[in-house]
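Participant: Order-wise, the sequence lines are chains A and B. With my numbering applied, the first sequence covers 1 to 78. With my numbering applied, the second sequence covers 1 to 214.
Check before you lean on any hint, since a few could be wrong.
Stated by the list, open to error - Only part of the chain B face toward chain A is listed, based on derived beta-carbon distances under 10 Å:
#1 T9
#2 D13
#3 S44
#4 T89
#5 L92
#6 E116
#7 Y129
#8 Y135
#9 H138
#10 P139
#11 F157
If you're looking for bench data, these hints aren't it; they were derived computationally from the structure. Where a beta carbon is used, it is the ideal one built from N, C-alpha and C, also for glycine.
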Amino acid sequence: MKLKIRNAETGGTVDMELEADNTVQEIIEGAASFWNKEEGAYVIRKGKKLLRGQQTVTEAGISDNDELELIPDPEGGA
Amino acid sequence: MIRRKPIITASTDLAVEKRPRPPKERCRPHKWLSEESMRSYAESDGAFELYISKTAEERIRNHALSKKDDVVEVMGFLLGSIYEDGGKTYALVRDVATTDLDATSVSVKFDREGFERLFESMDDSCFNYVIVGWYHSHPGHGCFLSQVDVDTQTKMFSGPYHSALVIDPVNVEIAVFRLKEGSVEERPFAIYWDEYQNPYYGETVMARKKRSEQ
């Protein structure tokens with residue numbers, strides 16, 4: 001299965017090949033690692049749906065040629 | 001059987017479009033800038049690395065003011081575009097996106113159940129955005145980046161065009177920061193408005209005569 005992942009904070013994209021039993025967490029790790037980012041600081045979405053880390057590709061409803069978006073999960077303090 | 005990890009087969013970077021900066025006559029300093037920041041604005045040659053639309057600025061200010069009396073922080077994304085002019089890149093913030101927050105007077109993050117509303121807010125911007133930074137408020141604490149803020153900036157917004165906007169609705173202050181070679185520094189910015197945001201855009205406006213001239 002092939003996916004496109006867009007990095008929302010740079011506008012860059014990657015094409016990813018994966019299996020139906022890969023997890024959402026593995027997708028986040030793969031993309032974050034490619035962009036030298038810490039995977040724990042990001043979430044990923046398909047359309048308006050947040051994909052949960054331990055779900056498999058099948059469970060998350062991801063289909064061939066879907067486009068996902070990697071989004072930062074910031075935290076502020078004072 | 002060993003499960004294979006996902007493999008990246010190709011990548012593309014954002015194609016940065018060439019586009020002139022907003023003209024000086026449609027730019028203003030933010031009225032909440034400190035005296036020192038206002039001086040930096042005045043001394044600049046008008047070529048900023050960051051421009052924030054009036055629409056986005058009003059949304060940020062109204063968001064911060066909505067929680068001023070509760071003394072609670074607010075936060076959101078700066079949605080914009082990256083352009084090149086004269087060989088230098090600059091970011092144009094057109095809109096902001098936010099959602100329900102898990103916040104106190106000294107901390108803020110997106111509510112874990114609020115992401116789908118955040119995604120709707122991002123999609124509502126109706127353009128091919130890049131998250132060029134984030135904003136959050138420091139109600140009554142002044143404008144600076146705390147260690148938590150610096151960690152966020154380092155992990156997520158370390159690009160040259162990424163900014164952290166901090167607003168204090170209690171002390172009526174605003175400032176934008178960036179990371180440069182690992183250090184935090186203030187980034188001068190301008191508020192701009194598009195011509196179509198002029199309420200009289202496209203209309204011929206006749207000056208009214210003073211009563212004494214009639």
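Participant: With reference to the structure, classify each hint as holding or not holding.
Facilitator: Hints versus structure:
1. T9: Nearest chain A Cβ about 5 Å off; hint holds.
2. D13: 5 Å, holds
3. S44: With Cβ-Cβ at 26 Å, over 10 Å, it is violated.
4. T89: This hint is violated: T89(B) lies away from chain A, its Cβ roughly 12 Å from the closest one there, beyond 10 Å.
5. L92: 13 Å, violated
6. E116: For E116(B), the interface hint holds, since the closest Cβ of chain A sits about 5 Å away, which is under 10 Å.
7. Y129: Y129(B) check passes; min Cβ-Cβ to chain A is 8 Å, inside 10 Å.
8. Y135: 9 Å, holds
9. H138: 4 Å, holds
10. P139: 8 Å, holds
11. F157: Cβ of F157(B) sits 7 Å from chain A, so the hint holds.
In this structure, the hints that do not hold are numbers 3, 4 and 5, in rising order.
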